[in-house]
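Sequence lines, in order, name chains A and B.
Going by this note's numbering, the first sequence opens with residue 1, and the numbers climb by one from there.
Going by this note's numbering, the second sequence opens with residue 1, and the numbers climb by one from there.
Quick caveat, the hints were computed from the structure, so don't treat them as lab data.
This structure is a prediction, so every number in the text was calculated from the model and none was measured.
Think of the CB as a built atom: it goes at the ideal place given N, C-alpha and C, for glycine as much as any other residue.
It is possible that part of the hints are untrue.
Reference excerpt, derived from the structure (chain B facing chain A, CB under 7 Å, subset only) [as the list claims (entries may be wrong)]: (1) L4; (2) Y7; (3) P34; (4) R162; (5) V164.
Counterexamples of contact, computed for chain A against chain B with all Cβ distances above 10 Å [claimed, not checked]: (6) G27; (7) A44; (8) T125; (9) W131; (10) M221; (11) D299; (12) E393.
Given next are the chains, with one letter for each unit.
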Amino acid sequence: MGRKPEDRYGFETRMIHAGSQPEPVTGARQTPIYQTTAYAFHDADHAASLFNLQTFGFIYSRLTNPTVAVLEERIASLEGARGATCCASGHAAQVLAFFVFMEPGDEFIASDKLYGGSITQFGKTFKKFDWRVHFVDMDEPEAVRRALTPKTKAIFAESLANPGGVVSDIEALAAIAREAGIPLIIDNTLATPYLCQPIDWGADIIIHSTTKFLSGNGTSMGGAVIDSGLFDWGQNDKFGGLTQPEPAYHGLTFYETFGDMAFTTHAHAVGLRDLGPAMAPQNAFYTLLGIETLSLRMDRHCQNAEIVARFLDDHEAVAWVSFAGLPSSPYHALAKKYLSGPGSVFSFGIKGGFEAGVRLVESCELFSHLANLGDARSLILHPASTTHRQLTEEQRIAAGAGPEVIRLSIGLETADDLLADLDQALARSQSPETPAAR
Amino acid sequence: MNTLPSYSNAQILEILHSVKTIAMVGASATWNRPSYFAMKYLREKGYRVIPVNKPRAGGEILGERVYAALADIPEPFDMVDIFRSSEDALPIVEEAIPLIADKGIRVIWMQLGVINFEAARAAEAAGLTVVMDRCPKIEFGRLHSELSWGGFNSRVISARRRRVSL
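With the sequences and hints as input, model every part of the structure.
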């Protein structure tokens, strides 16, 4: 991993230490879980300073909480960013991020290969805010330029897409965003900051579902919006939410008052305050524990995934494997450029289509059939019948979730055991008369 | 070549821990202006902040009398905090230099976004310590874990237990 000149400490040191000095009053070394909703004011003037955002401090855990704040600083440090806002889920993070600068009638451009839940959120639910998305095939970055309109406020892509093994050309997208004077938002969930540093390539805002590899054990829902602090919100008149007096704060102008901290301050003081999706401190604590071992786990996730991908690539019941770690992947070159490892979430096509896919997931003994990823356990999913079922057939195919597609999230088990389980399940998937083991 | 200097945490802490009285040039009386935020915060942390603001001279901000110029302040101050445009920094430094001995000035602090290398050189030549393009409120908060409370990257990493005085 490259080290930024201003960071004296390496990635692994920051995984463990960023944001968490010993608690000064008691000396507690592990981050305490501040299971409290509210915080006492010294006096009325102190309360006024807090409510006016004139001083740092805590009011109510819907806005900020000391345990959650440690996680925010840690993720911001790992992404090389100015600040972070943690919230209840990755989906909440997406609403919070756009809420900072989108107005009714505004538009943004998103990759058509996003996680299916994001496509539904952007395409259907965001409509209710009159936020309009244009989905574009970002394999050709010029298509993004053609989709720009005067109302376009952002470009959104995943560094490593779910579930297709697709890698975005972040540098090319950042150049288009910079020219248009709008931020590039990168969902870095599947790559994690250990494998990919989007801000180094020009991304302005990063999104995480911390539920996945950051927490790492499938225990804790969470999301994060990370701001690089580098985007100039005042360069044009597109971002009035930050550059015009904010009526929800008595006419405070966030960008003028908070500078490179404006986005993160707004996401807490307006977004979390008024939308309400706070992260539970207990979940922040579990996620902090997870991050302490992120690099070790990601190395092993990637190693196991490469073994499984090669095995599937040679398997007679498998039509194709979409894994950026395979030299045959059309995204192999982009993966080499942007990722220090291919990740462990990828998809493959099973021979026999939808029915074979369903039989495969029902025949696994060791792979868990569920809709999560980035767990220590290996997970298997048939997107067409689950996560992507709300999409149209056309959208499913564009998103890499056609009827024959199986998504894997390779865990940390013994690699040979994973191969043996997939081998027996693939055999069952190809013979309709063999009932799945019960 | 004018490159923005970098300051170690120890340098900034030394200034923040030794300074007691700050003359804030450009202090605003309007509650939602950045200078008002900074003045209010620094007062809460125990600093005496004396506002300098010509049009407001004779009035009060946060209970402190406002002066038209540094020379008008009838008592000593350790630091001049420049909350004005970058171009205004040089004349303010030139105003401060003749007052060094009389007022006990040791530090010229130019706010975040206030960058004037000529002013910095003049101040340093006169023996003053200079901080440029920083905010004392943000630096105080950053080095005392308070900035972290808002989800910000303080870039402070330490396994030492900080002392809290009662």
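Evaluated hints:
1. Here the hint on B/L4 is broken, as its CB sits about 12 Å from the closest CB of chain A, past 7 Å.
2. Taken as an interface hint, B/Y7 does not check out: its beta carbon lies about 12 Å from the nearest beta carbon of chain A, beyond 7 Å.
3. For B/P34, the interface hint holds, since its Cβ comes within 7 Å of a Cβ in chain A; the closest pair sits about 5 Å apart.
4. Among the interface hints, the one on B/R162 holds; its C-beta lies about 4 Å from the nearest C-beta in chain A, closer than the 7 Å criterion.
5. The interface hint given for B/V164 is met, as the beta carbon of that residue sits about 5 Å from the closest beta carbon of chain A, less than 7 Å.
6. With a least beta-carbon separation of about 5 Å from chain B, A/G27 fails to lie farther than 10 Å from that chain, contradicting its non-interface assignment.
7. Every C-beta of chain B lies more than 10 Å from that of A/A44, the closest at about 13 Å, which supports listing it as non-interface.
8. Interface exclusion of A/T125 from chain B stands, the closest Cβ pair being 25 Å apart, more than 10 Å.
9. Against chain B, the non-interface label of A/W131 holds: every CB pair exceeds 10 Å, the least being about 24 Å.
10. With a least beta-carbon separation of about 18 Å from chain B, A/M221 lies farther than 10 Å from that chain, consistent with its non-interface assignment.
11. Once the 10 Å rule is applied to beta carbons, A/D299 is consistent with being away from chain B; the minimum gap is 23 Å.
12. No Cβ of chain B comes within 10 Å of the Cβ of A/E393; the nearest lies about 41 Å off, and the non-interface call holds.
In summary, the numbered hints that this structure violates are 1, 2, 6.
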